[in-house]
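Here is how the chains run, residue by residue.
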Amino acid sequence: MARSGTAKLTTRTASVPEKIPIRLTVNGSQMELRVAPWTTLLDALRDHLDLTGTKKGCDHGQCGACTVLVDGRRINSCLTLAVMKEGAEIITIEGLARNGELHPLQQAFIDQDAFQCGYCTSGQICSAAGLLAEGKARTPNEIRELMSGNICRCGAYPNIVAAILQAMERS
Amino acid sequence: MTPFQYARANDVADAIKQIATDPSAKFIAGGTNLIDLIKYDVEEPTRLIDISHLPLRSIEQTSTGGVLIGAMVPNTDLAYHPIIEQRYPLLARAIMSGASQQLRNMASTGGNLLQRTRCFYFYDTATPCNKREPGSGCSAIDGINRINAVLGTSQACIATHPSDMCVALAALEATVHVAGPAGARTIAFADFHRLPGNTPQRDTNLEPDEIITAIELPPKGFSANYSYLKIRDRLSYAFALVSVAAALELDGDTIKEARLALGGVAHKPWRSSAAEAALLGQRAEATAFARAADWLLHGAKGYGHNDFKIGLARRAIVRTLGQAARGTPQSLSDKKIR
Chain A
1 MARSGTAKLT
11 TRTASVPEKI
21 PIRLTVNGSQ
31 MELRVAPWTT
41 LLDALRDHLD
51 LTGTKKGCDH
61 GQCGACTVLV
71 DGRRINSCLT
81 LAVMKEGAEI
91 ITIEGLARNG
101 ELHPLQQAFI
111 DQDAFQCGYC
121 TSGQICSAAG
131 LLAEGKARTP
141 NEIRELMSGN
151 ICRCGAYPNI
161 VAAILQAMER
171 S
Chain B
1001 MTPFQYARAN
1011 DVADAIKQIA
1021 TDPSAKFIAG
1031 GTNLIDLIKY
1041 DVEEPTRLID
1051 ISHLPLRSIE
1061 QTSTGGVLIG
1071 AMVPNTDLAY
1081 HPIIEQRYPL
1091 LARAIMSGAS
1101 QQLRNMASTG
1111 GNLLQRTRCF
1121 YFYDTATPCN
1131 KREPGSGCSA
1141 IDGINRINAV
1151 LGTSQACIAT
1161 HPSDMCVALA
1171 ALEATVHVAG
1181 PAGARTIAFA
1191 DFHRLPGNTP
1201 QRDTNLEPDE
1211 IITAIELPPK
1221 GFSANYSYLK
1231 IRDRLSYAFA
1241 LVSVAAALEL
1251 DGDTIKEARL
1261 ALGGVAHKPW
1271 RSSAAEAALL
1281 GQRAEATAFA
1291 RAADWLLHGA
1301 KGYGHNDFKI
1311 GLARRAIVRT
1321 LGQAARGTPQ
1331 SLSDKKIR
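Chains as they are written, first to last, in this note's numbering: chain A, 1 to 171; chain B, 1001 to 1338.
Chain A with its partners taken away, still in its complex shape (with noise of 0.2 Å):
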């Protein structure tokens, strides 16, 4: 649409912010980057890190393939700005598995065969060691409810649900 004409581009471009420092612990490892202001997480972790482990999938937090761990808890890497998460702590499907040995989830996720096309896979598994962690899902529908912001269009979800009850069963 013509509302961001030629003018209003050129001003803008003329006056591209700095990049900005920021420190990040990524899978245990201290990280230092420089990233644009609108970098977001997610593409700071794909394209400035090379985790590229997290997905873009719908990249406006509808679809949840961008999942990862801030803090402790799941969020979507595609709605959070990298230069608001300076001196996190940031966990990925990359920093899930523990000397070799796969995180429980991971290996509940093959013994349920709990994916087809695996794009979301690593979003379903985050999420899920977040659910874990929270401790509020108990139930196979307390489970789908709280795992709805992850999609899977291959339609696993059967197969994710018995996946993550194994998981809870052995944790």
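Simulated from the structure, these hints should not be mistaken for lab results. Heads up, some of the hints might be wrong.
Incomplete in silico selection of chain A near chain B, CB under 10 Å [said to hold, decoys possible]: (1) I20; (2) R74; (3) M84; (4) G123.
Source: prediction; values computed, not measured. Backbone N, C-alpha and C define an ideal beta-carbon position, used for all residues, glycine too.
Let chain A serve as the given structure and place chain B on it in line with the hints.
Coordinates of chain B only, in the frame set by chain A:
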């Protein structure tokens, strides 16, 4: 997306000072709505002032028996707080009915009040929208308006307010604490959001240089007889087509006090003193509930695709009041409406 500068506010006074010096700046807290709108070029701030680190994160009982909730308290922290779960379960249920757990972990209490409509045309910058571009016209009135408002609409705008939390806050008669260059003031919840009228670009009566610092709940939480029922196109993680917050105080089966608010049907949570008055002294049963529904929906007008909302709202009001009267509030995880 339009590039923007970023600055952090150190305290409330600093935040007010920073916003006063830059009229094209915006505050950012949870960011769940604002960043989305920036990505769509609906919002084009040249500077974001980060207020997410302000020390407004406490939930405290007040000396008058109410509760003061800091504006930066995340939605999940509020919904799971023991005081809210026990004394204001209507609020807890409404919060947990909205968005996803990821978004609730990010979204702030103050920001929830300030989220913008999800009207398709507000988001679509290729179409006219009076809320986005005053004077350009409303595409929804003669467009795809299934999700739009049926109450309190104007020729200029038929957008709805998307919040669930605000529907409960309206029913509970919360107060919004704000601060600005002229000092602090409070706004009754009913006066906080506006009807569209000829100025749909203004969602609320918060001034552009003011900041929400807290939400105050009065002592009465209606924890015995309440329900929040949300009807939507999916069983979870979708905006309300219609939602109902109902709270009753009963003496036996006689209604002593009633609160009723609708979501998904208007530019603000919809209440009617006539509807609530019509319940007083009545036996808590379907005939009285239906009468209250008629009052609450008085003047409702559909725009074609959303005509169904009026009948849906009527039935939802009767159901929700029944759930409240029986003391069996709508379950969040069992989706059957009983």
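Hints violated by the structure (listed by number, smallest first): none
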